[in-house]
Every structure is written in C-alpha cells, then in structure tokens.
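Just so you know, the protein sequences line up as chains A and B, in that order.
Read in my numbering, the first sequence has 558 at position 558, and its numbers run on one by one without any break.
Read in my numbering, the second sequence has 246 at position 246, and its numbers run on one by one without any break.
Mixed in with the good hints, there may be bad ones.
As the list claims (entries may be wrong) - Derived coverage of chain B by chain A (criterion: at least 3 residues anywhere in the stretch with Cβ under 8 Å from a Cβ of chain A; other residues may be distant):
hint: 1; segment: 319-331
hint: 2; segment: 352-359
hint: 3; segment: 391-402
Simulated from the structure, these hints should not be mistaken for lab results.
Because the structure is a prediction, the values reported are computed rather than measured.
All residues carry an ideal CB built from backbone N, CA and C; glycine is no exception.
Below are the chains, spelled out letter by letter.
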Amino acid sequence: MTTGGQQSGQGFDAAYQREVLEPARAAGDQPPEDLRVRYALPEQPTPEAVAARVKQVRQCWRRARGQLKYRKLVDRLEAEHRELAPVFTAAERGDLNPLRQRLAGGQARSRRRMEVAAARLADAGGLIQMVTPGELEDIARTAGVTGAELSALASGRIEVREPDALPAAPPYAAYPKVRESLDVLGRRNLADFLFGGRLGGPMRVLDGFAAAGRDGGPLIPSAEAVAAVAAEWARRSRDTSTTHAQTVLAALRAGQGEDTRAHLTDLIRFDVVDRLRERLRQRASERALLRHATEELGVDASDARRLVFAVLREQAPAAAGPPQPGPADRLRELLDAGEIYAAAEFARALTDPGPSAPSRNPSAAGPADGSSGAGGAHAAGGTRGSGRHAAAGSDLPEDVAVLAAEARHRVTTATQLREAAANEPDTDRAWRLLADALKLVRDLPGAADHQKRLPPKPVESLIATVHADPEPSVRLVWEASPSTAGEVLYHMVRRRDRPPHGPADGEPVPLTRDDDPPVNVHLYYVVIAVRGEAAAPPTVAGPILVRPEPREVEVAPGDGTVTGRWRCPPEAARIAVFRADRGGERAVPAGREGFSERVPNGTTHHYRICAVYLDEQGREVTTPGVRLSVTPSAPPEPVYDITVDASAGEDDEILVRFERPGHGNPEIVLLEAQPEWPRSAILPIEDVRRASRRIPNAVTSDGILVKPGRGGWLLAVTVAEGTAAVGAQHRHVNLPPPRRLVAERRGDVVHVGFDWPDEVAEVELSWRIGVDAIATGRIEANLVSAGRIEAGRLPTAAPERVAVTRAAYEAQGGLRVEVPEAEPVELAVASVSTADDQRVVGTPVIAEVQARTLVQYELERTGPPWKRALTVKLSAERPMRVGSLELVLRRGRVMPHRPTDGETLGSWTQVPVPGELTVPLPRPAGEYWLRCFTDDTVVELTDPPVRHLHSPR
Amino acid sequence: MSLASRVSLPGLARQEITCPYCFVEISPQRIPFRCRGQVGRRQGCAPVLDQELAAYTGSTAGASLPPVFAAPPRSGGRADCPDCEQPTHNRVCPECHNPLPTAYCDSPGRIVALVGAKNAGKSTYIAVLLHELMNRVGTELDTSLVACDDRTIERYKRDFARPLLEERRLLPTTASAATAPREPLVYLLTRTRPSKLARTPLAGMGRAKHDALALVLFDTAGEDLRSREVRDLHLRYLEAADAIIFLVDPLELPGAHNALADEAQTREGTLGEDPDSEPINIIARVTEALRLRHGLRPGERLPVPVAVALTKIDALGPAVSRQSALHRSRSGSGVLDLDDRSAVNEQVRALLHDWNAGQLDLFLSQQYADYALFGLSALGSMPEGDRVGAGGVRPYRAEDPLLWLLHRFGMLDGD
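Assemble the whole structure, with the sequences as input and the hints as a guide.
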C-alpha cells in the first residue's frame, strides 16, 4: 500500500484491506500494534497528513465493517482508536511527540509479540521439534502474529508437517499373541526376530523398511528372510520357545502369496508403533518415547522423531477434530424429530446398497477407511469405528438395527391406517384413522393431505330471528356440527336474494347476531362447518326481512290533544298511525316525524305507530307497530289553601283540610326545605317526586290524614296524568307527643309524670277542673274539628295553661297541679317548639283524674258524765248518703287499719250526710283507738286528726 | 314519739365539734387554720403536700394545699398565718385536715346517718333527698344546700345525680366500706326564717334570721350492717351520728307480701332467708353500738332522734286504705304539719303491725326516746328493669324524715 500520496477511496480500501485488515484478521482479529501500519501513516508524518490519513483509514474501517469478516476487527480498531484519540488530536494540532512515542512503543510491542509467538512455537515443538500446521496456525492466531510470520520464524528450527498416518489396527489379527511370544522369546521387536543378529544399525520403518546389515548390505523383509529364520528355528530342539517362535512365524507368513514385503513392513511398523503407544499409555514422556524408539527398539532417529510425533498427535483431541455422527445417531435424530418415514428410508438405504446409498460415515472416507477396506476383517475396530460395518449388507450394528426395525414397524402400521382411511366412507372415522397414522409417522406421505380434505358434518339447524330493540338485529341460533373429530370451525355468511354457496359467497357476519342487517331486503344466512381445508355443506336460514319499527316513540297527552314523536327508519317509506276506535282502528294523519290530533279529555286512547315499507313490487307493507296508550286530561288545579289539624288523628298523624280541586288528585308531600316552585305552577310529577318525600296519605271525608314523621314543609300537590300542580304549603314542626302520661291524685294535688320525647325541651300543661269545664272543652274541640268554630271561641272552655321546661320538670320531680279532691280534672300535655318565631304546640296527650266523693267525720264526746255518748258527725260538700258506716274501737297503741281490727261500736247503712250518729261512749280500760270505716265504693271517708281518734290511758 | 314539743337534744348542748369526715371530736378552740395561700397577686404561702389529707383521701391528688397552722382564733373566727401573715378564715380538722366550714364550727353540726339493709334504697334516697332539698323542697322551706367540699360535689354528681336523674338508671349497689374507701357527703343547709314581725304591719322592720346546719350523709353499704365486725370497724360515724334515718324496704317484710301490688311482687326482696338482713336485726345492732357509746344503763332510752321510713310505698298499692294519709301529699308549706305527721306515723305503725312487724315498732319504743315512722317513695313508681319507671323520678314524701329532723333540730316550725 502506498503511503505517500492520497489514493482514491476504492483503491485505498482494497490496498488497506489486503495489507492491513487481512493480516490482522489472519492473526485472530488482532489489530496491528504498529500504528504506522494500522493507520498507514507516512514515514515522516506531518500534522496534516496524519489527520487526513486517520480520517481516510476510519472511513475505510466503516466501509469494511459492512463485511461480516471484518466486523469484529473493526470494532476492536474503533475501540482502541477511542483511547488513541488524544494522540491524534495532539498531532492534528501540530504536536507529533505523543504520536512518535506511540509509534516507537508500537514497534517494541510487535517485537515482543513475535518473541512470545516464537516461545510458544518452541514449546509446542518440544524435544522432537515438530508441529502440525494446525498447531502453528493456532499459535499464530492466539499470539497475534500471522501464520506466515510464524512459519518464517519456525523455518530451520521447527519442522511443520502433518503427522504420519499410523495403522490403527494390526495388519495381523492375532498380533497380541505374536507380541506375547516375542516378549517370551526376549526379542525387542519383530525386526529383531526376523533379522536377529544381522541387524547392523538403526532401522527405518516409515516410508518402507530400511536397515543395514552387519555386512553393510541392506536387509530386506521378504519371504526369504522369513524362511531363513524359520529354518534357524527348525534346527533347534523343540521346546516352549519353539512354539512361540512358530506363532511369530505364522504371523510373518500370513502375507505370503500377496505382497510379502509390504505385509512384513506393515507388521514390523505396527509392532514398533504398538510398543510406542503402549509406553505412551503408561505416561511416558516425549523424551522417554524418543529414547525408547532409538535405543530400545533400534529405530532410526529421524523415523523415531516422526513416530513419536505421530503417536503423540494421535492422543491430541484437537488434532482429531469433532466426532462425526454415525448411522445410529442419524437414525435416532430422525426418530426423535418424528420423521419416522425418513428414518425408515435411511435404514433401508443402509441395508440396500446401491448408487443412491448414503455415505454411512463421511469421516470414514479417509485413508483409515481405505486401509480398513483393504484389511476387510476388522468390523470390531476401535476408536470411532463403532459405527462402521464390515461390508454393505444386512449385517448392521445392533443399535442401528433396532432403530431401523422400529422405524420400519411404525411406517408399516401407519401405512395400513392410511389405507383404511382411504376406504372409510365416514369422514370423521377416516379423520381419526389418519390422525392415528400421523401420530405414529408424522411424515407419512399423503396422510396429512388426505386428512385436510375430509369435511365435517354440516350444522344441523339454523334459526334466524329479527329483533328490533334497541336497534334492528338478526339473532342466529344453531346447533354445532355433530363432528367431534378435529377442530371444527364455523363461518357465518349473509347474502341477499339467494343462499350463499360457501364461506366466500357473501358477507361474513358474527356467529350469533348480525347487528347491521340490510333493511327491507330478503336475507339468507348460512353456517358452514370447516375442518382443515374441507368445508361441510352450508346450512341455510331465510329468507328473512328486517323492517324496523319507528324508534323513540313518545305520545304525550295534553289538554284535549295528543301529540306523538318518533324517529323514522330511513328505509321506511312513511309512518302510519292508528287509533283504536269502536272496535276497529282509525288512521290518524301523521308526518314522518310526528303527529298531533284533538281528542276528548278523560278517555284513554290507544295508538299504534307503524313503519310502512315498499316491497320488490312497490307495494306498501306495514309493520306491526308500536302500541302506546295515553289519557289526555285537563291540567290539574292547585289546592289554594290548606289548614292543618294536629289533633284529628292518632299519635303523630295530622289532618290536612282543603277544598277539593276541580281537576286532579290532591296529595300531600313533605319537603326538607321550603319549596321554590310558585303556587299554581304545573310541573312534571317526576320533579315533585324527586324533590319531595312521599308520606302516608289517608284520604278522609275531611281531608287527607298524613303522618309526616319528621319536620319540614307540607305541600299540597294536585296530580293528573304525569303533571302536578303546586298548591298551598305549611311549615310542619314535628312534635311527637309526650309518652306514658301518668296522673295520680295525692290528696288535693295531682302528681303528673310523663316521658319526654328526645328532641322536645318544653311542654305545655293545660287542665280543666270540674265537670262543666271538662264538658265545655270537649264540645269546643268537637266544634273545632268539625270546622264550625275556631279554637278559643268558647271562653268557659279555656283551660289553665302553663309552660314547663324539661329542666323544671326534672327539678320539681314531675308536675303538681292542685285540684280539689271533689273535682275531676282533665290534663293535657303537648310538646312545644318554635318555628319561624312562632310558638308551635304539638298534639297533646290527655289524662283525666276522677273526683273523689269525700265525707269528713268527726268524733265528739257528748252528754253528761253519767250518760256520755260518742257522736259521729258527718259532713260533705253536698248532701249524699253513705252506703254503710262502721265505728270500730281498737284497744292498745295501734290505730285500726281495717274494720276487723277492733270491735264494732256501731254499724249503719244508708247514712245521710250531713248527719250525726250517736253511740254510748265506750269506757275500755287503758289506751284505745276509734275509727270509722265504710265499704262504699264511691264514698271515701276522711279521718279527723289522729289525736281525736286516739284516747290515751 | 312525742310530738308535743321539740326536745332538747344532747348534741345541742355539747361544746365539742365532731369532724364530719373522720368523726373525731374537736374542741372549738383547737381547730387549726389553713393559710389562704397565693391568690392572684396577693402574697401567701405556697402549696405543700398535706400528708394528713392525702392519707385520708388515699391519694396525693388534690392534696397540695397551703399549710395548716394552729392558732387561737381572733375575733370573727380569723387567724393570721405565721409565715405569710395573711389572715384566713379557713379551718380544718386537726386530724384529717378536711375543711370545716365556718358555719359548721359556729353552729351545731348534725351528722345524719342512713342505715338500711342491702337494696333498701339508701343511695337512691340520698340522691333524691338532696335533689329535693336543692329544688322543690328547698324553695318551699327557703333553704339553700351547699356542698362543703369539692369531693362532695364531684361524688354527688358522678355517683348519684348523673346516673339516676339524668340518665334515669337505677343506682348500683353501694360498695362495702371494707372494699372501697368512702367519704360522707357534707352539706351546709342554711335556712332563712322570716322575722317574727313579718306577718304584722311592722314587717319591714324585722330582720330575717339565718339558721345553718351541717348535714352529713353517709351512704352505708347495706352489707356493712350485717356483720358486727365490719360495722364496728367501718361505721364510726354511726356513733357520731346526731340523728339516724333507718330505711326499711317493705318488700323485705314477709308479712307485707300479700299487700304488694302485682308488679311489686315480682320484685320481692332479694335478701331471702338471711336473718342478718332483716330490718329489726340491723336496727338492733346499730342500737347496741349507740348504747355503748352513750353508756346508757338498762332501761334508759337513747336520746338520738330516729326516723324509720318505709321506702317504695308506691309498691303497696291497695294495701293502704283509701282514707290513709299515705295517699295524700304532705300538707303545709314551710312548716311541719303535725297532724299529717301524726297520721302518717300511726298509719305506718298500723301497717307494721298488720304485717306482723310490730316487733320493730316495739323495739324502737323501748330503745329510743324520740322516733317517728314514715312512708316514702324516692322514685314515685316502680322501676322498669334497671331503669326508672314512666315519668322519671317523681319523689313522693321523700323529704318527710328530714323535715321532721329539722323540726327536732329546731330549724322548722310545726303547725
């Protein structure tokens, strides 16, 4: 490569590749250490020249990298260039010193590398100083030098050559006996037995036998030499040595009749080689082998080097190369891959020699194979000869024979299945037979193709129905093919006007529904079962017609009118509307998008809205239509005023009174907040329902009895046909009444108690004392409930009222009302709250405590001392009679508790009150008590102070 | 019972004061003071841990107070702290260092003991009685009832008022003094009595009179009275009591069974066959202790006023005849209606004898010079489960025993 001037791109590239890249690639993709070489730098580099050349070289690298063989090398060059970049940058700036230092360093590294390669080569050559070309190349590659450089280095010192081919098998089958006999006879080798003392020096066994005799003449291994030694032994007396000698002689004579000299040469060479191999197996060193060959076996030094070199290289696996597969491996490979038929064919080729018979062992085509062929009798040979067989014929190795038999058997069975399938009329059964055959022999010719052409049974039934909601669609119902063998696929095809003939004859549609069917045309649907490449006969449904009804149909009632709206299908010619009329139907004029007609109020009208299509002949066809009913009515009238009576119902029920509106059904609803709708507004009833809470409504003759259950706004709405008229409203404060009202008379005090509702903090206690007040109050309540008067219009009925807080109630331990014992009292307790700054009183709970009919008595001692009397004076608020009266005396310090506690001083019936009763004054000894009792169920006696009843001793 | 006139009580004449907390007797001249301490910007002694008070309460919480010092009282019941020289009115018990209100020191303190068997309703009665005194009855009598210490306020609110009056739950059984430390509830009851000229044309010239009475209520666990050992160990206050209220549950009187209302029969006594729990046995044991304290000779009767009250009379129903005073509210306002008092007394006595419990009446008459019988209902109606019955707490004649005791102490006129 010229380094002086600028070259054309292609010319430079070619030269650079040839002179730099190729040697580097040959050196194991090792970039040249010398940067002058690597960058094709001129001998006297200048900054400009260096920059230009580096740029040119790198462009060459990029182009060369496109070739796969240079990719690794270029990647390395680029990687190292990144490290060298500062050197070239400095050179470009004008500073060439770093580059010069690197150049000097690069030459030194190249020298060192060469020295390393030479040392490795010397090691490989060893004592015999021989290497194989492969070894030399390997060393050169790994050491980063070219093979040529290394060869030049080796020249004169190391011999580079291929090892001599040594016989692997003995030329005489019984050689081991020969060797044994030679050892017994004490001969160092076979040549020593043959020539004995005539050997005058070292012998050559490679490239023919050559040895000099003692007489200086050459010694020739021949039949004469054999005869001579045999005669020599024949002259000896017979002993065991003779037998051994005969054994050896038999071997020497074995080749007579052919090329005796070659046989004897091979036999002598094998004897030497075998002895060297034996020593090598015993781990003899190279030096020991060489000494054994020259000194003990008497081999020429040159031949000894070659023999040792060859024997050593026999053991080196690298020199042997990768093992080659034999027939058994190939068979097993085919069987494992499922290519049974190919395996059977291969086996047949092995046993049926012919022009097309495959090479049984490509690696055996070498000299060894040739020698074995010449020998012709070593089928059980060693090393890689296990796959070899002695001759073409039925004598296959056992493993090959077993594999071949299996392949043949499977092919035979599969072929029978294939033939049975061919004659089977049932396609499913045939499919299964072929599946079995293919399972045995995957590559059975014709089976897969035959199987793919077996169609499944057709789909048995197909029903297509038209659905209109929400969008028109055709739904398809069908049963799967009865065929269960193989994977059966289905194709659904739609076609207008005639049934499709196959999967491709029409438009494919989804399997269960056609959501976009053509409208107003005859449609045919088919389902086709497909298995492999074969299709079953199509199953047809149709013809069907899709004629959608009008969509989004709405019919709205008005005041004496009905209006309708819809969406007309685009394919429809028009929309027809019918109204049921006197047992028939009457057409209603309608447009394409709606209609309106006047009808009487209060009657439910039934409409049928149909789509009209034109058939092929242009005739009108009407769909069944959409049916709707509607009742037009007058708009609801609002309830203009309501009154709320919380006392008319039970518990928390309240009665809402109002004047019934002319149209619509009034209803009371409860809202959380004050309704924003103006009174008399007409709303969709849904709006009211959404904003309000429905509460139990019970219509009574007086109004509507409702049970709000909570506070809020009661709103009267009038409902008529989906609309509601907003009426009057009332703020409702939920005031649950007090519970478990208890009123107990304790003398002239009535003790009132009740359970407070949780959310109530104040109650109003009201009471009316006396029969008249109670009766007047009830009359007023009835009149108010009947709407005759307003509350409080009867002054005499006004009760006493007092507001009681919860705290006061608890502080006082209940409520106490002073009521004369002789008067009844009606008590009412109602919850109180404040709403909108107004005091609201809830529904009261009422209790009545009856009056007591009291009769006071007094005991007076009257009369003169000789006729003392005891007078019982009775008094009451009004005249009456006491049913019975007993005056009882009890002695002691304990007051009588009942009439039987003492002795009766007097007993009277129907005693008038006021009145007096007199009995003689008793004079018992000691302390005693007097007391009156009555069993009158109405009258209650009131005792005088106990000091009047008690008489101390 | 003698109702003719109020008797002179022994306690009224004595010179010593009984601490209502530890019941030690103290000479009025020996009552120490507690410094007022630092209040706002005013100088005073810093708080220190009061070991005596902490030992009494069983906790150091709330026992860091200004120091206690002994000093003879000056005029007005004051003394100057020897350390900070600040005058103070605060007086404490020399033993337990609990506060002794000035009014308690100046006026005779009265310890009222409550005694009754387990479930007799003592705690409920205390809760309702104090509530009545603070509200309805207090208004009627022109009395104020003020707790003398924070612990009393807290305990009344926590253990009595809140569960019973606010939550309307029946109070649980009081823990025995043997297992839970207990303190008395100490109140100062102050009554304003109009001048004698109030009802004359010279009403504006007279001055109202304020009577003060320390009311010490000790809620005894019922079972503490069933064993002499426990009673002797824990109920020292009984010996110091100036008056005793015995509560008797009629449900525990076997003879009263048939007299009970139907629903009451299902709640019949829980003490069963335990003779220790019979009312007469409990009263007898207390009587024995008091006699020992007073050193009475056989035949002498105890001067301590005793009120024996039948509780839960709302459960008696028809057993009481319609003409009985128990069916009527207490009459009179601001005075004790003596006729009503007599009528109730005789009615209850008659009931006891009717129920074969006359032994109780006889025992009382033999052992006590001054006793009275009462009938009351603290709740006003039968409870429903563990809750107060319909209408909440509606006491009926609950204040009667105390009114009688106030009458005996000279703080309430009779009419």
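Legend entry - Coverage claim, chain A over the segment 319-331 of chain B, checked by counting residues with Cβ within 8 Å (three needed): This one holds; 8 residues, not fewer than the three required, reach chain A with a Cβ under 8 Å.
Legend entry - Residues of the segment 391-402 of chain B with Cβ under 8 Å from chain A, three needed, outcome: holds (count 6)
Legend entry - Cβ contact check, 8 Å cutoff: the segment 352-359 of chain B against chain A, three residues minimum: Satisfied; 3 residues make the cut.
When the structure is compared with the earlier hints, no violation turns up for any of them.
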